[in-house]
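Residue numbers are given in my numbering: position 248 of the sequence shown equals residue 258, and the series is strictly consecutive.
Hints are supplied without guarantee of correctness; some may be wrong.
Calculated cross-link-like contacts (lysine-lysine; reagent style BS3-like; alpha-carbon spacing at most 30 Å) [as the list claims (entries may be wrong)]:
| id | residue 1 | residue 2 |
| --- | --- | --- |
| 1 | Lys263 | Lys133 |
| 2 | Lys263 | Lys252 |
| 3 | Lys133 | Lys272 |
| 4 | Lys252 | Lys272 |
| 5 | Lys252 | Lys193 |
| 6 | Lys184 | Lys133 |
| 7 | Lys263 | Lys193 |
| 8 | Lys184 | Lys263 |
| 9 | Lys252 | Lys184 |
| 10 | Lys133 | Lys252 |
| 11 | Lys193 | Lys133 |
| 12 | Lys272 | Lys184 |
| 13 | Lys272 | Lys193 |
Hints in this document: simulated from the structure, not taken from any laboratory.
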Amino acid sequence: MSLAGFFTITRPLNAAAAGLAAVIAYLIATGTVIPAVILLFVVVTLITAAGNVVNDYFDVDIDRVNRPERPIPSGLVQLPAARAYALTLFLAGILVSFFTNSLCIAIAVFNSILLIAYAARLKRTPLLGNIAVSFLAASMFLFGGALNGLPGFFHVMPFAVMTFFAMLARELVKDGEDVEGDKASGAVTIPIRYGITATMILALFCAVLGVVASLAPYLWWGFWYIIGILPVDGIILSACIKAVRCTTPYDVKVSGASTLLKAGMFASLVVFTLSA
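Please model the entire structure based on the sequences and the hints provided.
If you want it as structure tokens, here you go:
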């Protein structure tokens with residue numbers, strides 16, 4: 011075992027980025043930042059780190075083949091230690107959430123349970139795994155807004171809905187890219203079960219729902235918001251339209267749809283932040 015392994019297994023940059031997203035969500039909800047947002051950052055970073063550890067814990071057999079350099083298969087972190095470490099991080103995140111409010115506590119507890127369920131079972135369940143990942147991404151907005159109580163929670167709802175559907179679209183596109191690898195590992199995904207074309211049409215439908223949700227903040231942010239968000243919506247829709255034209259996993263991969271969707275989601279966060 012090594013300290014470096016315990017640090018790496020949490021995917022610290024990924025965890026910190028999630029924490030920062032929650033802080034930005036509070037800014038979007040209120041138009042300001044207060045010292046208490048540090049609690050948001052700490053809670054989300056700890057729970058996301060725990061989720062990354064528990065994910066590696068349940069994926070150890072796959073990682074021994076595909077990613078032997080990761081901390082558990084490489085021997086830097088032992089399985090029992092990883093389990094205890096994940097539990098400690100989850101409990102620490104939930105404990106810190108008790109210094110926020112009841113709504114934040116509820117989200118922290120629910121997300122912790124969902125992260126464990128995802129790693130243990132949902133990850134290998136068609137569509138439900140995609141939905142879980144998409145909700146967890148969207149919940150960063152809900153958690154940040156919740157620090158301002160129910161008004162903040164509902165204020166960020168359109169952003170959470172947009173993130174959920176855009177993320178779900180990207181998850182489906184990524185599944186389309188990974189059909190061959192998923193078949194080899196025995197996974198059953200939406201494109202394996204229903205085909206590439208049907209999956210990409212579903213991804214486009216999700217993208218349309220996300221775009222519709224993104225228009226709602228025009229009601230309070232006005233003209234300049236809509237000027238900023240429409241090009242972003244165009245990126246998201248064009249990505250899924252490209253994907254719909256694909257008939258094979260290779261086509262989906264070379265279309266760049268997944269990368270475009272990722273860029274669109276990042277751009278939407280920039281627009282939200284500047285509009286706040």
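Each hint, compared with the structure:
no. : hint              : result
1   : Lys263 <-> Lys133 : holds (21 Å)
2   : Lys263 <-> Lys252 : holds (11 Å)
3   : Lys133 <-> Lys272 : holds (20 Å)
4   : Lys252 <-> Lys272 : holds (14 Å)
5   : Lys252 <-> Lys193 : holds (24 Å)
6   : Lys184 <-> Lys133 : holds (14 Å)
7   : Lys263 <-> Lys193 : holds (16 Å)
8   : Lys184 <-> Lys263 : holds (8 Å)
9   : Lys252 <-> Lys184 : holds (13 Å)
10  : Lys133 <-> Lys252 : holds (26 Å)
11  : Lys193 <-> Lys133 : holds (15 Å)
12  : Lys272 <-> Lys184 : holds (11 Å)
13  : Lys272 <-> Lys193 : holds (25 Å)
Consistency with the previously given hints is maintained throughout, with no hint failing.
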